[in-house]
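From just these sequences and the hints, can you work out the full model?
Residues 1 to 432 in our numbering are what the sequence shown lists, from first letter to last.
Wrong hints could be hidden among the right ones.
[Unchecked claim] Here are the in silico distance ranges between beta carbons for each label pair:
| # | residue 1 | residue 2 | range |
| --- | --- | --- | --- |
| 1 | R95 | P414 | 28 to 34 Å |
| 2 | D276 | R219 | 58 to 64 Å |
| 3 | A187 | R98 | 41 to 47 Å |
| 4 | P386 | A333 | 27 to 33 Å |
| 5 | N124 | G285 | 26 to 32 Å |
Worth flagging that the hints you see were computed from the coordinates, not collected in a lab.
Cβ atoms here follow ideal geometry from the backbone N, Cα and C, with glycine treated the same way.
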Amino acid sequence: MLDETTTPLAPREDVAPAPADAPAPSPSPRTTVWLPRLLVVGLVLAAVNLRPAITSLGALLEDVRVGLHMSGSVAGVLTSVPALCFAVFGITAPRLARRFGPGAVVCAGMVAITAGLLIRPFTNSTAAFLAASALALMGIAVSNVLMPVIVKRYFPDRVGTMTGLYSMSLSAGTAVAAAATVPMTAALGGSWRLGLGLWAVVAAVAVLPWAALLVRDRRSAAATADAGRRPEPEQVAAPAPRIARSRTAWALGCFFGLQATGAYITMGWMPQIFRDAGVSAGTAGLLLAVTMVMGVPLAFVIPRLATRMKNQGPIVIALGACGLTGYAGLFLAPAAGAWVWAVLLGVSNCAFPLALTMIGMRARTGAGVVRLSAFAQSTGYLISIPGPLLVGVLYQHSGGWELPIMLMGGLMVPQIILGVVAGRDRTIEDEC
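As structure tokens, then:
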């Protein structure tokens, strides 16, 4: 499996070299060629499947609610389940990765996503639908946490490029699922069950490269045991730092939470803001699509830029300035400059791939990255839960969007401050 006994794809700088008398690993040329390619394919396919379970359901939520006789309050709770599952299940990823290896856990995560997406459309009760959704979200949660770990461990000299690649794939999967689910459902005869179930096929494809990697690593481990060799010194993980003692970890977790809050608010409420301003429903949907699509190219560019800088504070400030300008535009002239505000908020939402990149940069060791990723993402998703709900409450009680937009803009200020702190050139090992 892809655990601490797996030969890295590139040398690591945070460990001592092997002694001269240690037996040298001897991977075959064929393995050396196909293993990196298989890992890249696995990363891309896994990333593509980290959001369709959520955005495909959002597109058909009303049909699901009617079909399962689901109350409006339960449907509202359903929209908050993803962030809660990400926080609760994501924190288990470090222990699972230590026990089975990160690659094995990601493979299991893809299987869980496939099973959840396959089961939930064909249930006949709300409870079963929620349980199947939770199964898929559990797989997403652990895979969310371990993607930066896989990149750090197997591509230590290409963290920015690989983070950008899977961030771009994640954004593309999110946008395609949101845009294509309804047309695909119509093409399949209008059955929301088939429309949702089709995404299980996409998830099943993502299982294949990770399963192949598991088979390869089991054979490699068996060959190593038969030869009587012990793992190389550079293949043994360093002790994990005590993450709660790190100011950088707390700053990164809160930064992650605030950017997630802004993203969920944007995805959930921006179309309604435009519609209340006089924009047609179709145009409001296109504006949201523009906001989401902005993340596809920028998710590849920003991580590569971030890894070339010792301090990522300037990028945080630039993204925050776009967000503040976009919210100011929504407050002052939502309809007149709608397309501009949509673009600016789409740029601002690219704080997500930046946060993922900083997770890989703020720890020196594989053990540190897995702890930091779990801590930052679990903390962040917990922070993000009340944001969209609070916006809805303010909108309902104030009768307009002035107070909610002021809240959105106000949250951008601490996001910038915490992002600057998290972007400083230091690691959690230095602070722990």
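Outcome of the hint check:
1. R95 - P414: 28 to 34 Å: 31 Å, holds
2. D276 - R219: 58 to 64 Å: 60 Å, holds
3. A187 - R98: 41 to 47 Å: Once the Cβ atoms are compared, 45 Å apart, the range 41 to 47 Å for R98 and A187 holds.
4. P386 - A333: 27 to 33 Å: Holds, at about 29 Å.
5. N124 - G285: 26 to 32 Å: 30 Å, holds
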